[in-house]
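**Student:** The primary structure of each chain is shown beneath.
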Amino acid sequence: MKAVGAKLPRYDGIAHITGRTAFVDDVKAPGMLQARALRSPHHHAAIRNLDTRRAEQLPGVRAIVTHRDVPHNIYGHLEALGVPADEPLLAEDVVRWRGQPVAAVAAEDVDTAMEALQLIDVEYEERPALFDIRLALEPDAPEIHEWGPVFPHFGPHNHRRVRKGDIEWAMDAADTIVSGVYRPQAIEHVPLETQAALVIPEPDGRLTVYSCTQAMYFSLGVVAAHLKLPLNRIKFIGGTVGGGFGGKVDTASETIAAVLALKAQRPVKWRWTREEEFLVSSTRAPWHIEIEDAVSSDGWILGRRMVTLHDSGAYARFSPYGLTKHAFHHTGAYTIPNLKFDGFVVFTNRVPTTAMRGFGVTSVSMAVETHITRVADVLGLDPWEIRLKNANRVGDTTGNLVAMQDPSTVPVTLATADAVGKELPAQFRAMTSERRSGDLLPAHLVAQQAPEGAHVLKRAGALDAAPGNGGGR
Amino acid sequence: MELMVNGTPRATASSPVTPLLTVLRDELSVTSVKPGCEQGGCGSCTVWVDGEPRRACLLPVGTLEGARVTTVEGLGTPRDLAALQAAFNDRYAAQCGYCTSGMLMAAQALIDRTGGGPVTREQVIEALSGHVCRCTGYVKILDAVIAAANGEYEGHHGVEFEGDASQPEVEPKGAPA
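Chains as they are written, first to last, in the numbering used here: chain A, -17 to 455; chain B, 135 to 311.
None of these hints come from the bench; they were simulated from the model.
Careful, some of the hints might be misleading.
Stated by the list, open to error - Computed cross-link-like contacts, EDC-like style, restricted to lysine to aspartate or glutamate with a CA-CA straight-line distance of at most 16 Å: (1) A:Lys245 - A:Asp51; (2) A:Lys210 - A:Asp51; (3) A:Lys245 - A:Glu38; (4) A:Lys10 - A:Asp91; (5) A:Lys10 - B:Asp224; (6) A:Lys245 - B:Asp160; (7) A:Lys307 - A:Asp280; (8) A:Lys(-11) - B:Asp224; (9) A:Lys371 - A:Asp421.
For clarity, every value in this text was computed on a predicted model and none was experimentally measured.
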C-alpha cells in the first residue's frame, strides 16, 4: 500500500510538460487523407435525394461515404444493455438535428474535402422541429421520432419509475408540501482537443484506430458493430485524451473515419473543428425537474413526488442510462420513506445529449440540494439540521431498496460544517452514521429500515410486511 | 523562406498565408503546438516569435521571414527541464496536457519579462488570461508559475530517472499473516 497517501509522479507528466505527448492529431500515417463531414443544415427534415456524383469527380477526392456504405448503419450504443437502436451513423431518409452527419469525404487535403462537400447534392424537405421538452407531450407537438415523444423502452413503461412506501399517506400526513422546479441547462464539454481519429487500413485487412475515446473497449465495440467486423480485426490505440469530461464516450469520429478508410484503402485522419465541437458534438442534457416534498413542521421529509424530463436530443444514445442514474439518486443523500418518481427521456431536435461528469446525477443533486434548502426556508429551520436529521444511516433503504451499509452523509456534512465554520447544536454535532434509534427513528422511518445485515430488499422482502411501505419500483 | 525554430534554421515551402501553427505541426513536425480552436481564442498554440508570446494559429508564415520561433521543445527536454517545467510536473499543473505547452510559453515569457521573478498572482492571471484549461480549474497552474518564479525549483540541472517513475513499487500480495 505504498501508493495510498503517497505523492506519486504522473506516468505521463514529463511528456506533457515537454510537449512530447502524442495526441491523436499529432500522429501521421503515410498516404494519410483528411476527412470532413456534410452535416444537416436543418433541425428536422426529410431527405428526398442524396447525390454524391459531382463531388466524386473532384480531383483529390478519394472516398465519399453515405449510409449506403455503412455495413450496419443503425446501431444503438446501449444495445447490449437492452436499449434498442435508433441512431444512424449517417442519416438515411431523415435528419433530426442540425449538424447530423449525412455524408463524409476523404480527400488529399482539407481544402479539397471541404470543396467536395459543396458538390454533394441533397434535397431536403423541412419539417417542424421541437426544442422544448415541456411541449413534447402536447397533443399538437410535432412528430419527431419514430418511437413517439419519449423513449418507450423502460420495461413495460415509457418512463423510469420509482415507487416506495405510500406517497398518498405522506402527502396527507404532511404539515406542509414544498414544491420546486429546477431546470439545469445544456453544457458543452469543450475539451481543448476536439474529437479526432486516425484510421489506418492495414494490408492484412485489419484496422488500426488512433482514438481520443474515453472508453477504449466500448468504442472498439461500437466501431466493430457498425462495420460488422470481429473485434480481433480492429486495433485501438488511445488513452491519451485531450480532455473528455464525458463527451468522448460517444465514439463520435472513429467510425465514420473507419468507413472512409475502408472505402479509400488509405489512412484517414478526421479532426473536428472547434465550431463542430461547439455546435454538433453532444452536450450535457437540459433537464426539467419538479419536486414536491411532504414535510413535517419539525423538519422530517415524509415523502417525495417527483417528475423529471430529460432532454435526450434527437436520439436515445446514452440518455436512458443517464435518467436511470438520475432516478436512483433522486432522494440525494437522504432517506425518504415514501416515493413516487416518474422520469421521461424526451426527444427533441437538439443535438443528442450524453454523459458529463456525473451523468444524470449532477442535475438531480443540484435540484435536490437546492430543494432541501428551500424546505428549510419554508419551515424556518436550519438547512444543516434538516440535512443531518434526514441523512442516510446504516440500515436505511434507498428508493430502489438497497440497504445502506456505510453511508457517508453525516460525516461529510459535519466535515463541511467544520470547513466553513458552521456552528451546530451539540446533538447535531454528535450525530453519526449509526443505525437509527431514539429521536432519529420516528414512526414513519421504522418500516423502511432493512433488517440487520440486509443488502438489497426484494419486492417480496421484509418491506412488504411493513405498514405503509409497499416496496418495488 | 526560412525560420529559426528552437535555434535551428528550418526551411518552409508552405504558401505565405499558411498559419505558423500548420507549418510547425504539419510541415516541421513540431507537434507540441496544439490546434485547440484555430481562432485565437484558447491559447494552446502559443509560441514565442522573437521572444514574444504569440498565437501560432493567427500568424501567416509569410510575415515571419527569419524570425526566431521558440516552442516548448525549446524550453527544456525530459532530461533537462526548465524550472517552470519542473514546477508544473511537481505541482500537477498539467492534467490532460493539451493546453500545457501554451501555458508554459506564456508563463515563461512573464517570468522572463519580470527579470526572472518573483511574480504576483495577479500578474500570472493577467498573463494566462487568454489561455483556456478545462481540466485543472487553473489553481495548480497559477501555483506552479508562482513557485517557479519564486525560485522554488531548479532548472536545467538534469532530471534523475530511476527506473520507470510511473510504476510505484507495490508490495507483493502474500498469504495473509
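**Student:** For each hint, tell me whether it holds in the structure or not.
**Tutor:** Quick rundown of the hints versus the structure:
Between A:Lys245 and A:Asp51 the alpha-carbon distance is near 8 Å, which keeps this suggested pair within the 16 Å criterion. Note on A:Lys210 and A:Asp51: the hinted pairing holds, with a Cα-Cα distance of about 12 Å set against a maximum of 16 Å. With a C-alpha separation of about 13 Å, the suggested pairing of A:Lys245 with A:Glu38 holds against the 16 Å cut-off. For the given pair, A:Lys10 sits about 13 Å from A:Asp91 by alpha-carbon distance, which is consistent with the 16 Å threshold.
Of the pairs offered as hints, the one joining A:Lys10 and B:Asp224 is violated, with about 31 Å between alpha carbons and a cut-off of 16 Å exceeded. Note on A:Lys245 and B:Asp160: the hinted pairing is violated, with a Cα-Cα distance of about 25 Å set against a maximum of 16 Å. For the proposed pair A:Lys307 and A:Asp280, the alpha carbon gap of about 30 Å is over 16 Å, so the pair is violated. At roughly 9 Å between alpha-carbon atoms, A:Lys(-11) and B:Asp224 fall within 16 Å of each other, so this suggested pair holds.
A hinted pair counts as satisfied when its Cα atoms are at most 16 Å apart, and A:Lys371 with A:Asp421 qualifies at roughly 9 Å.
Comparing the model with each numbered hint stated earlier shows that hints 5, 6 and 7 do not hold.
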